[in-house]
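There are 4 protein chains.
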Amino acid sequence: MHTGRLEAFSDGVLAIIITIMVLELKVPREAPTLAVLKPLLPLFLSYLLSFVYVGIYWNNHHHMFQTTERVSGGILWANVHLLFWLSLVPFVAGWLGENHFAPTPAALYGVVLLMSAVAYMILQQAILRAPGGNPVLASAIGRDLKGKLSPIIYAAAIPLSFFNQWLACGLYVLVALVWLIPDRRIERALAGSEGANAGGVQNESR
Amino acid sequence: MHTGRLEAFSDGVLAIIITIMVLELKVPREAPTLAVLKPLLPLFLSYLLSFVYVGIYWNNHHHMFQTTERVSGGILWANVHLLFWLSLVPFVAGWLGENHFAPTPAALYGVVLLMSAVAYMILQQAILRAPGGNPVLASAIGRDLKGKLSPIIYAAAIPLSFFNQWLACGLYVLVALVWLIPDRRIERALAGSEGANAGGVQNESR
Amino acid sequence: MHTGRLEAFSDGVLAIIITIMVLELKVPREAPTLAVLKPLLPLFLSYLLSFVYVGIYWNNHHHMFQTTERVSGGILWANVHLLFWLSLVPFVAGWLGENHFAPTPAALYGVVLLMSAVAYMILQQAILRAPGGNPVLASAIGRDLKGKLSPIIYAAAIPLSFFNQWLACGLYVLVALVWLIPDRRIERALAGSEGANAGGVQNESR
Amino acid sequence: MHTGRLEAFSDGVLAIIITIMVLELKVPREAPTLAVLKPLLPLFLSYLLSFVYVGIYWNNHHHMFQTTERVSGGILWANVHLLFWLSLVPFVAGWLGENHFAPTPAALYGVVLLMSAVAYMILQQAILRAPGGNPVLASAIGRDLKGKLSPIIYAAAIPLSFFNQWLACGLYVLVALVWLIPDRRIERALAGSEGANAGGVQNESR
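Protein chains in written order, with the working numbering: chain A, 1 to 206; chain X, 1001 to 1206; chain R, 2001 to 2206; chain E, 3001 to 3206.
Calculated from the structure, these hints are not laboratory results. It is possible that some hints are incorrect.
[As the list claims (entries may be wrong)] So the derived list for chain R, only partly shown, Cβ under 7 angstroms to chain E, looks like this: (1) R2005; (2) V2013; (3) A2078; (4) V2080; (5) F2084; (6) S2087; (7) E2098; (8) P2105.
For glycine and all other residues, C-beta sits at the position ideal for the given N, C-alpha and C.
Please take these sequences and the hints and turn them into a complete structure.
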């Protein structure tokens, strides 16, 4: 099974998730002044953070499947599982923004981030354990410090929300900023492997 | 006619169906406590079940069209017919969840599942009966026990809903679980056919 | 410019149009009985008709661009113009259904069908008049009886709506049924041209 | 990294943005007469203008990535940044239309247009500055008069909205009309470069 349709379907779902979130920003019906936009500010900030998170997942998903050519049924379902948790982001983002970053919504936001991160790790493992393995991805990930630390920070932020929700939300922002730095590991590993492949092709064509 | 755009259009429609269902989970405007989420639980469960069902259809659709290279006008319309019934899933899922799995919504959910299964069988037959046939798909499906039993179970669950809707919903969950096991038949048949093709190509290139 | 992204963007927009229409079918909040679904029947019928129409446009669009390899800026904008009119289908379909096929909504539905048909003809002309022409499409269309009659019927149905809206809606259904019969002209023309191309390739490779 | 998935994801997001805007045109529940449509006219005009703007961005995005084969992490994020600002178009379009082109919404509409234009310039610079450069795009853009003037006009229209919002909206329409003229520069540059490539291929194959 080629990865083409899995990527197309994931791109579609992620594109819809990232875009329908803006529907939570309801057009205000009151006077057309800046004052009526002020209550929308928390919703806007929660939209911005969630947009960045979905963007990060799309970016990493894109990089990961660059190293993959064929998918098994297990990988297909691990991917649907990831999309399920990400599909809940618009709901928890809306709840978080509507309630001006209150403790319970902040904790629930963390739960969805945590489950998405776990689902991503399961998908990554399914790709790595596929028959034939995936040495490019394996070497690109390396110790995968970012990937392993993120769910730990989310897990810590969930109970923290009930003590100080601003600290919890600060942790979500922090993890997003760490991931915003593009993952050059896979780009480097791919470049290396393409060089090797090109060499192989040259050898074959001789 | 190549299958490319049919797959792209179907991926788009299925991606939207699977994602707009979450819009039924309206962000609660009351106090930001876990208590206000409790009434959303049936809707969440109905969302989860429907997400799995749309995921199954995408997965099977993906597998089926892997065996197909060209489509006729009949196949295009059989596909649009399938998408029509699946497009009603968000509506019946919302009605089922809103009403906490009441008998009539449970029956209507079964009707949409039944019609989708029938539409899928019509599409499968259209592909099998296309000029030239489709031996890979034919051998992959075999007796197609799962495909033939599912609509029978849905048809039984519809009247059953009015006696015991939990049993009916239990049957929907059961069929979903049976399908969750990935359909290795097509993967095996494709692997076999690719081996044969590769052999053929080698023969030709000699 | 290749047609790839034009097709992908059009597939996306058409997939969204065809799917968001179902959001007009609001989940009823009253008792979970069949009786509360009855008022939704006109909306369901209007949804069904509009789903078929968008399906027809996608189908014909798909066939037309099968004959086209490169697009100019003019074709891109003619395509965006077509998508604009089709994007209004969910709105007029909702208005038609909500008002149980009242005269004014029936007329407005006809206006959107008419403008979409005109936009489709403009797009078709833009493709035919592109440098190099498009002999496959030209021969496939032939006299284009269906394409020329449809807008005339819509134009007649618009004033007719105010005398007998059922007759007008009947005309919309009739035209849809005529188009449902797949357009074998392009399939035949393509098959002919591919045979010719294959011959050409064989000649070249000798 | 190939541009394929970046284009697919952008096509998806732009297709959703351009289509969900029509959801702001709420189906009126009052009498089915033309009179109830009249208050929707400003919303319709704002929808039309925004549809054209998103169409222009898709068109230019399409042209720009025709000249690009590989993308870096920086280009991916510059693209997500552009999509973020464009995702706010449905919100500001709705606010502008709902309030019959009042000063503050007109100014906010200009802010989103300005930020989108700036984000587009950043993306263009990221592509031009990628390793190896992009001589086709560079020669196609030339002095980029349209690209440099547009943000200046938006920036001027924002404060102007508070004195005469019609003048500001007129400027938005004017810029849209200027961009509607398809960007033949890139088409010409591509045609030239393909001629050169074809020559190169011929040389190689000798």
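Worksheet entry | Violated hints - listed by number, lowest first | 3
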